[in-house]
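Undergrad: Spelled out, the chains give:
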Amino acid sequence: MTMKRSDLVLLNRYLDGELPEDERELLKRQMGSNPALASYLEELESLSGKTLDLPRWAAPPVNMTRKPSYVSLLTHRFEVPVAAVAAAALLLLGIFLGRGPFSGVAPVPVPTPEKMVVFRVIHYSPDAKSVSIVGDFNNWRQEIPLHRQENSGYWVNQIQLTPGKYSYSLIVDGNQRVVDPTADYVVDDDFGTKNSVVRVGL
Amino acid sequence: MHPDEFRTEYEKCSGNLYSFLIRMTGDFDDAADVLQEAVYRGFKSRNRFRKDSSFSTWLYRIAINVWKNQRKRTAHKVMMEMEQIPLMESETNITPEKVLSGKQAFEDISEALNMLDEKYRAPFLLRQVDGFSYREIAEVMEIDENAARVRVYRARHALRDMIGGE
Numbered sequence: 001m002t003m004k005r006s007d008l009v010l011l012n013r014y015l016d017g018e019l020p021e022d023e024r025e026l027l028k029r030q031m032g033s034n035p036a037l038a039s040y041l042e043e044l045e046s047l048s049g050k051t052l053d054l055p056r057w058a059a060p061p062v063n064m065t066r067k068p069s070y071v072s073l074l075t076h077r078f079e080v081p082v083a084a085v086a087a088a089a090l091l092l093l094g095i096f097l098g099r100g101p102f103s104g105v106a107p108v109p110v111p112t113p114e115k116m117v118v119f120r121v122i123h124y125s126p127d128a129k130s131v132s133i134v135g136d137f138n139n140w141r142q143e144i145p146l147h148r149q150e151n152s153g154y155w156v157n158q159i160q161l162t163p164g165k166y167s168y169s170l171i172v173d174g175n176q177r178v179v180d181p182t183a184d185y186v187v188d189d190d191f192g193t194k195n196s197v198v199r200v201g202l
Numbered sequence: 001m002h003p004d005e006f007r008t009e010y011e012k013c014s015g016n017l018y019s020f021l022i023r024m025t026g027d028f029d030d031a032a033d034v035l036q037e038a039v040y041r042g043f044k045s046r047n048r049f050r051k052d053s054s055f056s057t058w059l060y061r062i063a064i065n066v067w068k069n070q071r072k073r074t075a076h077k078v079m080m081e082m083e084q085i086p087l088m089e090s091e092t093n094i095t096p097e098k099v100l101s102g103k104q105a106f107e108d109i110s111e112a113l114n115m116l117d118e119k120y121r122a123p124f125l126l127r128q129v130d131g132f133s134y135r136e137i138a139e140v141m142e143i144d145e146n147a148a149r150v151r152v153y154r155a156r157h158a159l160r161d162m163i164g165g166e
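First to last, the protein sequences are chains V and G.
Positions 1 to 202 (our numbering) are the ones given, in order, by the first sequence.
Positions 1 to 166 (our numbering) are the ones given, in order, by the second sequence.
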């Protein structure tokens, strides 16, 4: 289906809420007499809806003052284990300085990057209109939406976390805090409600 | 900018930025690396942040530049490896760039997004997922506002075609 460039621009501006009232009314009248135009807008609106359902992830912890280690970037590309590179470098340095395995002085261990672990959240709530999760993995700030599995009452998402213990709460329809029945255990918070706790990667 | 203010502003956009980087890099580890470097650079230069743009716009711009630099390093290595592989006669027309051939219907928008050229994928994500204005997208991508608008429109058109449109 080919469309006029001017129509495409109008439809996009309409989708972005940028059309003034009179132009919106004009476009609606045009769509009434041009089903292809109306159908195209419907598809764009459907696309917008789908993008809102895309999963989101909580950011891993970052160190604002530590210079990034490019070892992880380099070794990832060259597929050389970090430990092997570090051990080889230490051995060479040790030999040069007269230390290392032959001198009885133990090399300093090189920290390896922490592996992220996937925390899969699943909640059954067939009558809900929305379900989200919030917890100490994101400082209880941003609610991460769960996505309804088609034709079921299950809501799911997955979050990348460093191994640890996390408190969280599920929020149904924007205002009901519920405990996750699949959590490892439940604790009282400081506000008279209960939080779910999960151990990830432990 | 006070370190605590930087931290507070960062936490407001950290999840969105990380999710954006995952969709641009296609890899959780790469996205985490880019995020770490972007935050480090942002923190180091926090006193240069001018409050005439938003914090998230400024940090996203840093992150995109970090990602582009990282990509150049990787692409150079990939090209060097490709040159070392002897080509069969039948493969002489194959290029390392991603090619979207013919009409492919994708049910999953994530798959369709992966097929979209990065030049269009980034502004589309910034607009549709992260809610940036066209002016903000232009600042993040370092292009003019009209170019930002055109790229988003083209991305929508391409995605609509890929997800079963005619």
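Derived from the structure by calculation, the hints contain no laboratory data.
Just so it is clear, CB atoms sit at the ideal spot from N, CA and C, and this is done for glycine as well.
Honestly, I wouldn't trust all of these hints.
[As the list claims (entries may be wrong)] Now the in silico label distances, taken between C-beta atoms and shown as ranges: (1) G:Glu-11 x V:Tyr-185: 18 to 28 Å; (2) G:Asn-69 x V:Lys-4: 35 to 45 Å; (3) G:Glu-145 x V:Thr-182: 38 to 48 Å; (4) V:Val-118 x G:Glu-11: 19 to 29 Å; (5) G:Glu-5 x V:Pro-35: 45 to 55 Å.
[Stated by the list, open to error] Computed far set for chain V versus chain G, every beta-carbon distance over 10 Å: (6) Met-31; (7) Val-178; (8) Val-179; (9) Asp-189.
Undergrad: Now look at each hint and say whether the structure bears it out.
TA: Hint-by-hint comparison with the structure:
no. : hint                              : result
1   : G:Glu-11 x V:Tyr-185: 18 to 28 Å  : holds, 27 Å
2   : G:Asn-69 x V:Lys-4: 35 to 45 Å    : holds, 41 Å
3   : G:Glu-145 x V:Thr-182: 38 to 48 Å : holds, 47 Å
4   : V:Val-118 x G:Glu-11: 19 to 29 Å  : holds, 22 Å
5   : G:Glu-5 x V:Pro-35: 45 to 55 Å    : holds, 53 Å
6   : Met-31                            : holds, 16 Å
7   : Val-178                           : holds, 21 Å
8   : Val-179                           : holds, 23 Å
9   : Asp-189                           : holds, 20 Å
The earlier numbered hints are all upheld by this structure, with none contradicted.
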